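One letter stands for each residue in the lines below.
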Amino acid sequence: MKAIIIGAGLGGLLSAAKLSQVGYQVEIFERLPITGGRFTNLNYRGFQLSSGALHTLPHGPTGPLTQLLKEVNADVQIIRSDQPTIRMPLEKSNPNYRKGFKDIFFNKFFTPLSNKDRLKIALLIVSTRKNRPSGSNLKAWIINQFKDEWLLKLADSFCGWSLSLKSDNVPLEEFFEMIENMYRFGGPGVPIGGCKGVIDALEAVIIANGGRIYNKTEVSKIIVENGRAAGIFAGDRVYEANLIISNLGHAATALLCSEALLDKTYASYFKMLELLKPSAGIKICLAADEPLVGHSGILLTPYAKRINGINEVTHVDPNLAPPGKHLTMSHQHIAPENLKNLRVEIELGLEDLKEIFPGKKYKVLLIQSYHDGWPVNRAASGLDPGNETPILELYVVGDGAKGKGGIEIEGVALGVAATMTKILG
Amino acid sequence: MKINDNCVGCGQCVSFCNQGAIEVKGKATATAACIGCDICFLYCPVKAIEVSV
Ligand SMILES: Cc1cc2nc3c(=O)[nH]c(=O)nc-3n(C[C@H](O)[C@H](O)[C@H](O)COP(=O)(O)OP(=O)(O)OC[C@H]3O[C@@H](n4cnc5c(N)ncnc54)[C@H](O)[C@@H]3O)c2cc1C
Ligand code: SF4
Ligand code: SF4
Chain A
61 MKAIIIGAGL GGLLSAAKLS QVGYQVEIFE RLPITGGRFT NLNYRGFQLS
111 SGALHTLPHG PTGPLTQLLK EVNADVQIIR SDQPTIRMPL EKSNPNYRKG
161 FKDIFFNKFF TPLSNKDRLK IALLIVSTRK NRPSGSNLKA WIINQFKDEW
211 LLKLADSFCG WSLSLKSDNV PLEEFFEMIE NMYRFGGPGV PIGGCKGVID
261 ALEAVIIANG GRIYNKTEVS KIIVENGRAA GIFAGDRVYE ANLIISNLGH
311 AATALLCSEA LLDKTYASYF KMLELLKPSA GIKICLAADE PLVGHSGILL
361 TPYAKRINGI NEVTHVDPNL APPGKHLTMS HQHIAPENLK NLRVEIELGL
411 EDLKEIFPGK KYKVLLIQSY HDGWPVNRAA SGLDPGNETP ILELYVVGDG
461 AKGKGGIEIE GVALGVAATM TKILG
Chain B
1119 MKINDNCVGC GQCVSFCNQG AIEVKGKATA TAACIGCDIC FLYCPVKAIE
1169 VSV
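Respectively, the protein sequence lines represent chains A and B.
My numbering applies: residue 61 is where the first sequence begins, and numbers increase by one.
My numbering applies: residue 1119 is where the second sequence begins, and numbers increase by one.
Treat each hint with caution, since some may be false.
Not close to chain A: a few residues of chain B, all C-beta gaps over 10 Å, as computed [to be verified]:
| no. | residue |
| --- | --- |
| 1 | K1120 |
| 2 | G1129 |
| 3 | A1148 |
Simulated crosslink set (BS3-like; lysine-lysine; CA at most 27 Å straight-line) [to be verified]:
| no. | chain 1 | residue 1 | chain 2 | residue 2 |
| --- | --- | --- | --- | --- |
| 4 | A | K276 | B | K1120 |
| 5 | A | K365 | B | K1145 |
| 6 | A | K168 | A | K213 |
| 7 | B | K1145 | A | K226 |
| 8 | B | K1145 | A | K414 |
| 9 | B | K1145 | A | K337 |
| 10 | B | K1120 | A | K226 |
| 11 | A | K385 | B | K1143 |
| 12 | B | K1143 | A | K400 |
| 13 | A | K276 | B | K1145 |
| 14 | A | K421 | B | K1120 |
| 15 | B | K1145 | A | K400 |
| 16 | B | K1143 | A | K365 |
| 17 | A | K337 | B | K1143 |
| 18 | A | K331 | B | K1145 |
| 19 | A | K337 | B | K1165 |
| 20 | A | K414 | B | K1143 |
| 21 | B | K1120 | A | K400 |
| 22 | A | K423 | B | K1145 |
| 23 | B | K1143 | A | K423 |
| 24 | B | K1165 | A | K281 |
| 25 | B | K1165 | A | K365 |
To spell it out: a stretch of chain B is covered by chain A in this simulated footprint if at least three of its residues, at any positions, have a beta carbon under 8 Å from a beta carbon of chain A; those stretches are [unchecked claim]:
| no. | segment |
| --- | --- |
| 26 | 1138-1147 |
| 27 | 1156-1165 |
These are calculated hints, taken from the structure and not from any lab test.
In this text, all values refer to a predicted model and were calculated from it rather than measured experimentally.
Ideal placement from N, C-alpha and C gives every residue a C-beta, glycine not left out.
Required output: the full structure, derived from the provided sequences and hints.
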């Protein structure tokens, strides 16, 4: 059996590793000279920056991605990060960090609340696991339950960091599935070697299993015969296959076989594609001589104007920066209406950093923005349309087809695992 | 080379330019240091870099 994978991002490589392990002959086609898509390292001035992700696995060494990596025998070490912290103003009523701040542990997030609200939280933590709330979005639900601004700020900071969305764009079902996954799989971790540590390990598995990766080779068309994917066009050549997995998201995949999809029976699929909205974000990479965050966990910053959170991965792997230096990266969500003012959004992020790290010495290495065709997530979490397409033997994996409640690459891994179950039984 | 409106500002090209000739802030721009080697062209994920042939 022959499988063709379009795109060598994380979803494509995971699928290739699994299929080659069970005996498929696998060929991967990647447009870029580099492998890994938005999940690999960019070497810049001796720092291992990244093509997307902040070198973080949302559920670390016990999450769905690590499980899948183990299953395919990919050799990469994932280290659990320290506990996340939240930066609070000294007085909860202060609107920002200018008059000073203190950090609290994430699992003590309720301490700034009144006794009554703390009791309510304690009850909700138990009751929502039994009876999952549903129907609205996270923000509306919080407003309905609490009068306190603090929880809304925290929700926006948490959703901005982990999904690059605001809390009013996160469906309640998705949020509570994410929380359940946190109980199930545990907190974040960092791979040794950063994102590229994962990608190199997968490449080694694929090559050892006899698979091939063609870089600098763009797929221009998916060939469909009798409603079934039969092969691809790449660089003027036809490559035939029994199975095609696309790592490009549903919309870009549909464009590659648009002729076949013109048929009226596929109209509802096209309608669904129009609903898909990618999430946008800005990452600011800092070089520091001294630790800025001070631990390997995430620092959430709910009182910043734009920045949702920051990490400092060099506490886990010092080799991600030159000797003695730290690599600190912030992430901020971009609201759709602010996309046209990207520079303003960036300036607000830079101002935030000055307030979050007053008196600290750091250099801005690179400011990276992601939206539209190269976004943070191809499908905003909770709106992923699954891995199947109307064409038989054509599947979509990656962050345009994540599994339920799966944050970022954990969602990519859950989606790949579900796809493999469908294909392999 | 020319950078078109497809550019999202991801900075990938910056890390592959050996001349340090690209600046990015929301969008990429080439500086006077650009020698026209066209290496960056290959690495743009959204085909925002155009080269003259
Ligand atoms: C700023 C930012 C921060 C993030 N932080 C995190 C984080 O800390 N933790 C986390 O878990 N996730 C994070 N993410 C999300 C994560 O990076 C992505 O969800 C993940 O990398 C997407 O993988 P994918 O499988 O969808 O493939 P992609 O990375 O999208 O790869 C698709 C590949 O297909 C190739 N391709 C496209 N068209 C063609 C074609 N026609 N022919 C051949 N090849 C083609 C592309 O070049 C690309 O290499 C972040 C993302 C961003 C942008
Ligand atoms: S790689 Fe392409 S999209 Fe990214 S900054 Fe450079 S020109 Fe823009
Ligand atoms: S053409 Fe060459 S020198 Fe000019 S920006 Fe691109 S990589 Fe740098």
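Hints, one by one, checked against the model:
no., hint, result
1, K1120, "18 Å, holds"
2, G1129, "4 Å, violated"
3, A1148, "16 Å, holds"
4, A:K276 with B:K1120, "20 Å, holds"
5, A:K365 with B:K1145, "22 Å, holds"
6, A:K168 with A:K213, "15 Å, holds"
7, B:K1145 with A:K226, "24 Å, holds"
8, B:K1145 with A:K414, "23 Å, holds"
9, B:K1145 with A:K337, "21 Å, holds"
10, B:K1120 with A:K226, "35 Å, violated"
11, A:K385 with B:K1143, "24 Å, holds"
12, B:K1143 with A:K400, "13 Å, holds"
13, A:K276 with B:K1145, "24 Å, holds"
14, A:K421 with B:K1120, "35 Å, violated"
15, B:K1145 with A:K400, "11 Å, holds"
16, B:K1143 with A:K365, "19 Å, holds"
17, A:K337 with B:K1143, "23 Å, holds"
18, A:K331 with B:K1145, "31 Å, violated"
19, A:K337 with B:K1165, "21 Å, holds"
20, A:K414 with B:K1143, "18 Å, holds"
21, B:K1120 with A:K400, "21 Å, holds"
22, A:K423 with B:K1145, "20 Å, holds"
23, B:K1143 with A:K423, "15 Å, holds"
24, B:K1165 with A:K281, "17 Å, holds"
25, B:K1165 with A:K365, "32 Å, violated"
26, 1138-1147, "holds (count 4)"
27, 1156-1165, "holds (count 4)"
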